[in-house]
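End of the sequence shown sits at 65 in this note's numbering; the numbers just go up one at a time, nothing left out.
It is possible that some hints are incorrect.
Said to hold, decoys possible - For lysine-lysine, the following BS3-like pairs were computed, each having C-alpha atoms within a straight-line distance of at most 27 Å:
1) Lys-58 x Lys-27
2) Lys-13 x Lys-58
3) Lys-27 x Lys-13
Unchecked claim - What follows is a set of in silico ranges between Cβ atoms, one per label pair, in the way DEER data are often shown:
4) Glu-34 x Arg-3: 18 to 24 Å
5) Lys-9 x Tyr-64: 16 to 22 Å
6) Arg-14 x Val-37: 18 to 24 Å
7) Asp-65 x Lys-9: 35 to 41 Å
8) Gly-33 x Leu-12: 16 to 22 Å
9) Tyr-64 x Glu-8: 16 to 22 Å
10) Asp-65 x Glu-20: 27 to 33 Å
11) Gln-6 x Thr-32: 17 to 23 Å
12) Ala-18 x Asp-65: 18 to 24 Å
13) Thr-1 x Asp-24: 28 to 34 Å
14) Thr-55 x Thr-1: 29 to 35 Å
15) Glu-34 x Gln-6: 21 to 27 Å
Just so you know, these hints were derived from the structure itself, not from any lab. By construction, the Cβ of each residue, glycine as well, lies at the ideal position given by its N, Cα and C atoms.
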Amino acid sequence: TERFEQLEKFRLKRDNNAHEIALDELKTAADTGENVVPPIIGAIRANATLGEITTAMKEVYGTYD
C-alpha cells in the first residue's frame with residue numbers, strides 16, 4: 001500500500017553504510033552495558049526506523065515473556 005511504498009522510498013534514499021554502522025554501534029553499546037541513548041540518537045540521525053532500532057535491541061536484550 002501507499003505507506004509501504006513511502007517506507008521503501010525512505011530506505012532507498014538513506015546512506016546504508018551510515019545506517020548499518022549506527023545500528024552496530026547501538027548493538028555494541030547494549031551488549032557492553034553502556035548508555036544506549038547516544039547510539040539510538042545516532043541511529044535516528046542515520047535514518048533508522050523505530051522497527052530497526054527495536055530489532056537491534058531485541059537481538060541483544062531479547063524480549064520479556
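Taking the hints in turn, this is what the structure says about them:
Between Lys-58 and Lys-27, the direct Cα distance comes to roughly 9 Å. Compliance with the 27 Å bound is thereby established for this hinted pair. Between Lys-13 and Lys-58 the alpha-carbon distance is near 26 Å, which keeps this suggested pair within the 27 Å criterion. Between Lys-27 and Lys-13, the direct Cα distance comes to roughly 23 Å. Compliance with the 27 Å bound is thereby established for this hinted pair. In this structure the hint that Glu-34 and Arg-3 lie 18 to 24 Å apart at CB is violated, the actual value being about 34 Å.
About 34 Å separates the C-beta atoms of Lys-9 and Tyr-64, a value inconsistent with the hinted range of 16 to 22 Å. A C-beta distance of roughly 21 Å is found between Arg-14 and Val-37, which places it inside the suggested range of 18 to 24 Å. A hinted range of 35 to 41 Å for the beta carbons of Asp-65 and Lys-9 is consistent with their spacing of about 36 Å. Hint check: Gly-33 to Leu-12, Cβ distance near 35 Å, so the stated range 16 to 22 Å is violated.
Between Tyr-64 and Glu-8 the beta carbons are some 31 Å apart, a value that contradicts the proposed interval 16 to 22 Å. Checking the proposed 27 to 33 Å range against Asp-65 and Glu-20 shows it holds: the Cβ atoms sit about 29 Å from each other. One distance hint, 17 to 23 Å for the beta-carbon pair Gln-6 and Thr-32, is violated here, with the actual separation near 35 Å. Distance hint check: the CB atoms of Ala-18 and Asp-65 are about 34 Å apart, inconsistent with the given range 18 to 24 Å.
For Thr-1 paired with Asp-24, a C-beta distance near 31 Å keeps the hint of 28 to 34 Å intact. The beta-carbon spacing between Thr-55 and Thr-1, approximately 22 Å, falls outside the hinted interval of 29 to 35 Å. Checked against the hint of 21 to 27 Å, the pair Glu-34 and Gln-6 fails, with Cβ atoms roughly 33 Å apart.
Hints 4, 5, 8, 9, 11, 12, 14 and 15 from the list above are not met by this structure, while the remaining hints are.
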